[in-house]
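Enquirer: Residue-level listing of the chains:
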Amino acid sequence: MKKGVMRPGHVQIRVLDMDEAVKHYTDLLGMIETDRDDQGRVYLKAWTEVDKFSLVLREADEPGCDFMAFKVVNEEALNQLERDLVEYGVEVEQVPAEELKDCGRRVRFQVPSGHTFELFADKQYTGKWGLSSVNPEAWPRGLQGMKAVRFDHCLFYGPELAAVYDIFVNVLGFHLAEQVLDPEGTRIAQFLTVSMKEHDIAFIHHEEKGKFHHASFFLETWEDVLRAADLISMTDTSIDIGPTRHGLTHGKTIYFFDPSGNRNEVFCGGDYFYPDHKPVTWQAEQLGKAIFYHDRVLNERFLTVLT
Amino acid sequence: MAGFHVLNRTTGDRFTCQDGQSVLKAMEQLGLKCVPVGCRGGGCGYCKIRVLEGEFECGKMSKVHVPPEAVEKGEVLACRIYPLTDLTIECVPLPEAALAKQTTTKSLR
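Read top to bottom, the protein sequences are chains A and B.
According to the working numbering, the first sequence holds residues 5 to 311 in order.
According to the working numbering, the second sequence holds residues 4 to 112 in order.
Source of the hints: derived by calculation from the structure; they are not laboratory data.
Quick caveat: nothing in here was measured; it's all calculated off a predicted structure.
A couple of the hints might just be wrong.
Mimicking DSS-like on lysine-lysine, the simulated pairs with C-alpha atoms at most 27 Å apart in a straight line are [what the hints assert, rightly or not]:
#, chain 1, residue 1, chain 2, residue 2
1, A, Lys27, B, Lys76
2, A, Lys132, A, Lys27
3, B, Lys28, A, Lys27
Please construct the entire structure, taking both the sequences and the accompanying hints into account.
Expert: Right, dumping it as structure tokens:
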């Protein structure tokens with residue numbers, strides 16, 4: 005957080021059918037719908053999140069991710085980061101306050117992998133869903149499905165990882181927590197953090213620009229991940245792989261798809277990060293184990309099925 | 004026997020698809036692998052096929068992978084088509100981007 009970027013704030017995902025998507029993210033993932041806007045977008049949050057929304061769904065004829073946004077500590081930091089991006093040669097776009105309801109102005113920019121990101125400082129503080137901020141109970145009643153705890157991170161696929169690294173690490177103050185290096189020493193995967201989490205965002209090398217691999221939501225325990233797997237079967241939801249463990253980050257995970265083919269992850273556990281930690285390296289020769297620690301073999305779908 | 008017969012002319016596989024069931028789901032349930040399985044939601048384009056004969060209904064599919072002109076040529080996603088008659092299908096080569104495997108990210112043990 006050395007430059008004032010605090011945490012993932014929201015992600016806007018395109019879906020083919022809004023009703024199906026809302027049902028998936030509320031009934032199955034357990035997120036809470038908090039608003040809709042006149043563009044037809046639907047706003048959702050996970051129950052522990054203090055701001056009004058972390059997921060925005062937009063109906064479109066092509067699924068994928070419009071943008072991911074990070075919240076910064078205050079307006080002053082936002083101004084400074086904006087200047088730093090411009091000075092570094094990144095083109096920034098101003099998105100006015102209220103373009104997303106109850107969200108302050110956003111600074112939008114694209115990185116060389118073809119993905120769009122935003123920074124913002126203000127969003128309506130609604131507090132944790134269903135709990136008082138004074139003498140709060142352990143959890144709220146009435147949560148659905150997997151009872152997702154929070155929107156945690158995204159993984160994007162695209163080219164130019166080195167240039168993306170420079171922007172996130174040198175301009176935005178992220179740290180490299182984990183990486184995959186090929187035998188020539190080229191970084192083909194980078195897991196970046198601004199917090200104690202092992203990743204707040206990750207990139208894997210892919211020739212085509214701007215591809216979306218998954219949005220990930222945090223669960224508390226391995227038992228919750230198994231329960232998520234049960235719910236995936238009960239609802240006949242399209243599964244990718246899991247439950248299993250990653251080598252990278254050591255998180256315990258399951259992957260599945262929303263009704264438009266966008267990949268979701270729910271996971272628990274995993275390593276932690278402090279700024280004095282040196283990056284963890286996985287060798288590309290061990291990529292199967294790095295990604296799926298138990299099978300030690302990649303499924304082709306994990307590398308090539310994207311939106 | 005109920006349902007519609009599907010013949011994959013590329014591989015020679017034949018399977019039965021129940022009323023209201025997608026071609027991909029019918030294939031998967033029988034343990035066949037004659038069409039690649041991706042997201043199963045019309046989003047990733049992985050299960051693209053060409054329908055040579057027969058009638059079907061379409062669910063929503065990503066316009067990037069299935070533009071309107073492709074649907075007219077019978078190029079659709081197996082996860083999003085529901086037969087109305089027996090079908091003859093063939094595999095469609097994956098797009099360049101899906102085939103461009105990063106040599107460094109092959110599955111290795």
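Enquirer: Quick one, are lysine 28/B and lysine 27/A close enough, alpha carbons at most 27 Å?
Expert: 21 Å, holds
Enquirer: With a cut-off of 27 Å on the C-alpha distance, tell me whether lysine 132/A and lysine 27/A pass.
Expert: The hint holds at about 21 Å.
Enquirer: Given the hinted pair lysine 27/A and lysine 76/B, is their Cα-Cα distance within 27 Å?
Expert: The hint is violated at about 33 Å.
In this structure, only the earlier hint numbered 1 is contradicted, and the remaining ones agree with it.
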